[in-house]
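Enquirer: Read off the chains here:
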Amino acid sequence: MRLELADYLIILVYFIFVIGVGFLIKKKIKSSNDFLTSSRSIPLWITSLAFISANLGAQEVIGMVASGAKYGIMTVHFYWVGAIFAMVFLGVFMMPFYYGSRARSVPEYLSLRFDEKTRGLNAISFAVMTVFSSGISLYALAKLMETILHWDFDISIWVSAGIVMVYTFLGGLTSAVYNEVLQFFLIVLGLSPLVIISLQDAGGWDNIKALLQPEMTHAWKYMGNANDNPMGLHFMSLIFGLGFVMSFGYWCTDFLVVQRAMIARNMGDAQRTPIIAAIPKMAMPLIVVLPGLIAITLMQPALLSKGYRIPTTANGELDYTMTLPSMIAHYYPTGILGVGITALIASFMSGMAGNVTAFNSVFTFDIYQSYFVKNKSDRHYLLVGKGITVVGILISIATAYIAKSFNNINDFLQLVFGFVNGPLFATFLLGMFWKRATGHGAFWGLVAGTAAAAATHGLTVAEGKGGWIAEMYTIKSGMGQAFIVAAFSWIFNFFTTIAVSLATKPKPDEELKGLVYSLTEKPKYHEQKWYLRVVPLGLLLLAITIILNIIFF
Amino acid sequence: MYKKLNDLQFVIGLFFSVIAAILLLNVILGNNVAGRLNTLTGAVFLVFGVLMMLIKGKQK
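Chains A and B, in that order, are what the protein sequence lines are.
So in my numbering, spot 88 of the first sequence is number 88, and the numbers just go up one at a time.
So in my numbering, spot 18 of the second sequence is number 571, and the numbers just go up one at a time.
Hints listed in this document are in silico derivations from the structure and should not be mistaken for laboratory results.
Some clues are possibly wrong.
Within a straight-line C-alpha distance of at most 16 Å, the following computed EDC-like cross-link-like pairs (lysine to aspartate or glutamate) qualify [stated by the list, open to error]:
1. LYS27(A) with ASP560(B)
2. LYS513(A) with ASP560(B)
3. LYS505(A) with ASP201(A)
4. LYS435(A) with ASP509(A)
5. LYS306(A) with ASP152(A)
6. LYS28(A) with ASP560(B)
7. LYS404(A) with ASP152(A)
8. LYS404(A) with GLU146(A)
9. LYS435(A) with GLU510(A)
Covered stretches of chain A, as calculated for chain B (at least 3 residues, CB under 8 Å) [to be verified]:
10. 53–64
11. 175–183
12. 531–545
What follows is a list of derived Cβ distance ranges for each label pair [as the list claims (entries may be wrong)]:
13. LEU593(B) with LYS513(A): 49 to 59 Å
14. LEU539(A) with LEU604(B): 42 to 52 Å
15. LEU604(B) with HIS380(A): 42 to 52 Å
16. LEU286(A) with LEU582(B): 24 to 34 Å
Beta carbons: idealized from backbone N, C-alpha and C, even for Gly.
Chain B on its own, in the form it takes in the complex (with noise of 0.2 Å):
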């Protein structure tokens, strides 16, 4: 793990998925003013991060 944080892909894939789970969790946890704006920027960012720490991973 420590060693992954040395990649700057997977610390930027690391980010945006914890942004995500945070926009994610403030829907699911009943925030809902304007939840399906939340909602759909955390999946995509959740997308973006999850996939910058995949193709790191692959290359690597």
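Only chain A is shown next, with the shape it has when bound in the complex (with noise of 0.2 Å):
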């Protein structure tokens, strides 16, 4: 792939524009919360974009294509089944609690409503996740460039990193939010007419069903029996698994996205900002799945003659993760390839923008703040704030840098990441819906959720992965053994959080008020028109949710 001045110029107005932002959001930075949390100032609009666009790093676009490719119609699972449903959940049952509370965090909800151990926990681990996360992000896009450019790896990290600190450091959250939604519509529209004119290309939706084995194009037919289709898994493990704990895991409590909703400038906007962005996020797989699809239609005998091929590895594997540049290097002339390349670049500087301003607004708040220097002057923690910034983006070079190193490191993150995240969400559920919960319980059934899903990935083999204590059992993809972590380690949070909340004494009924749902004031809709409120826009969500999936079957 080779690109000219057009698509350098588009790669340069993109970095123009992205610095820019920063530089006018800068004037209006004077305190810690405007840096940190915006100062709950931003349009639902904005929020909304915001709060699907931090998902949207490059994990997600380039991931997505290659499960299209790989896995087929399977992979909409993770949008009609892994995310629309807990994004209706945090909206209507789980906004009030994080906005009403005044939390500033994810973490600082948890020490409002259990104690400062349980916070704590979560504010370390979840800093050290975002911030390795940001690294790998930042190495993907090095390696990729490096790949499908030949650009230098050096060169890639160091401009890109820069670019993200300075508009993060200048404008704080804000500017980063402001930049998700310029990077939402980039990526979307930047993306849109490579799957028009390679659909036209594979011959429609209609000729993709003909050439493609049909469990490749139907998302629940034969999800009867694991064996039959190519996630291989049972139904009932996609839905527990993906439908309810690793979606609800990270959709509910994850400050990344979680932090897109609390900016918003009142109760109903925060409440309304996952719901709006469920509209898009349904129609996202036509961006990011089809693709994949129509990559490995292209590949069947009978359109071999359209002279596209998904690149293959050392191995003489189909090397799925390139699927989505081979495309556009394939499809997309001068000019509108720099337009596709930019719009890969903004996928990982959103992500890395996301994963930096949440970790400086936990490290700010939820350690610094808290545990180290207390009561001391705003200023000192707008400061603090901005270092942090600096601070974060300079780990995850270095993160970049080892995973560049040692390979493998990235594996190993991930699998860190899933057995810290995994249990999560029961903490929540019992924190939010049960007030006999306890601190103690809350903290021992995140220790004891974090060490099932280490000891189930530890007893079971999935694609030579795992089984690094006993090879128990053996599943058949990656994908069937994380879900079946995440259950694990869910189950087992839950019941250690009960046990221990049972042997422990609660918090009295007056503290807890705001924080849990049978001593909260339910929030009032009736007096909003019906698209207003939460509850019929949810449930109509849900519909044409459940619709698309029968369409789909």
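Two chains, two frames, a set of hints: combine them into the complex.
Expert: Listed below in structure tokens is the structure:
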């Protein structure tokens, strides 16, 4: 793939705009709250698009296209099972506690609801995870640019990290959020032409269905038996592992996305943020799953004359992660090629900036201010927040270089993140809906859940991974293993939290008002028009999601 | 102009208008390899960009 002047110009214009946004926001930053929480002043349409864009990082865009090619239409389960339901639940049931408690972060909510040790455990694990995720994202960007454009690895790392640092340092969370919205439009509009022309090339959806094996174009039909579908999953594992544990664990408790709803102007907008975001999320498979299906269709004998092939690895296997870049190279001429490459760069930057801004909020409020330096001036915490932004970027760069030297570190870190994230939703579910849950229960539940996740991984093997304690059970796919690990971690956390809570003393009801469902005044919706109320909106979205699942059954 | 730059909708509209201009200029100035795709995409970006800027202007 070779870029020309027009392509470089488009990339340059994008860099100028994202840095320009940072400069424009800079003069509005007066306090630590402006920098780290946007002072809860962001309009609904921006929080909603930022909510979805924070999740539209490289893993999402490139990874889902790769999964589309590998697993077929079953990949839509990550959206229509693994996202929409949890986003609606977050908006209707959980945002009133996050927003209403005036907590500035998810760990701070845990501090108010439970105690400092639960907050500390969550804050430290989250801070470490986000900054390493940011580094892995940076590594993946540089590696991709090196592979497809033959750009220098070091220059790619330092230029990309430098640009993210400039705009997050200048404008903090607001700058990151504004750029996420720009990045959202760029990714969607930049990749839409690719979908349209490649779909035409593949002969349309009917031809895709005719040329591929039926299990590649049916989302549910072949899930009655794990051996009949490309993911190797039974539908119950999918519904509990992905649809409940992993999905709710991510969308309802990960501060990276929840933070985008917490900066809305008022409670109503905070609740509507994930629900409005669910609308484009529902349509996102058109941009990130369909191209994968098209790519694998174009490799069928009847369409070999089209000249497209998914690249192969040194072992001769299909390199699915290169599906999207290779399609861009195949279909996009100079000019729009620059748009496609910029969309890829935007997806990496969006993921990195999201991680860095979540990291600096949690570090400043939940670690530095809570455990190290209390009761200093607001200006002090503003400076710390800015300093931590730079530190976060530098750690990300270091992580990217470590990832370059030790290939396995990516898999290892993703694995550890899974162990920590898997059980979290049980803690929040019990914390918000069972007033008897205690701080000791929450803390030991999290520890037990994480240990159970590690043990389950150590006792199962899938695609050569896991089984480091004993190879007791073989699972067909790595994805299936991830769902089962998450399910066990959730169950262990849930029951450990209940058992320890029943044996320890709960907080008095007075201290739990606004933090627990049964002790909190319910928001009044009846004064608003139906399309502004979260419950009818949420139900409508759930109905559409179910219809989509039926159509592609 | 500077005040308008503080509106995200205007900034997004301006960004897509500039990108559209580059795509269309690339076609006009002779790079005709698959010029149709660049023209169509440029036109769509231009309409989107101008609409984003106009909608914001109308709201004001």
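Enquirer: Next, verify each hint and record whether it holds.
Expert: Against the structure, the hints:
no.: 1; hint: LYS27(A) with ASP560(B); result: holds (14 Å)
no.: 2; hint: LYS513(A) with ASP560(B); result: violated (38 Å)
no.: 3; hint: LYS505(A) with ASP201(A); result: violated (66 Å)
no.: 4; hint: LYS435(A) with ASP509(A); result: holds (8 Å)
no.: 5; hint: LYS306(A) with ASP152(A); result: violated (32 Å)
no.: 6; hint: LYS28(A) with ASP560(B); result: holds (13 Å)
no.: 7; hint: LYS404(A) with ASP152(A); result: holds (13 Å)
no.: 8; hint: LYS404(A) with GLU146(A); result: holds (12 Å)
no.: 9; hint: LYS435(A) with GLU510(A); result: holds (11 Å)
no.: 10; hint: 53–64; result: violated (count 0)
no.: 11; hint: 175–183; result: holds (count 3)
no.: 12; hint: 531–545; result: violated (count 0)
no.: 13; hint: LEU593(B) with LYS513(A): 49 to 59 Å; result: holds (58 Å)
no.: 14; hint: LEU539(A) with LEU604(B): 42 to 52 Å; result: violated (31 Å)
no.: 15; hint: LEU604(B) with HIS380(A): 42 to 52 Å; result: holds (45 Å)
no.: 16; hint: LEU286(A) with LEU582(B): 24 to 34 Å; result: holds (33 Å)
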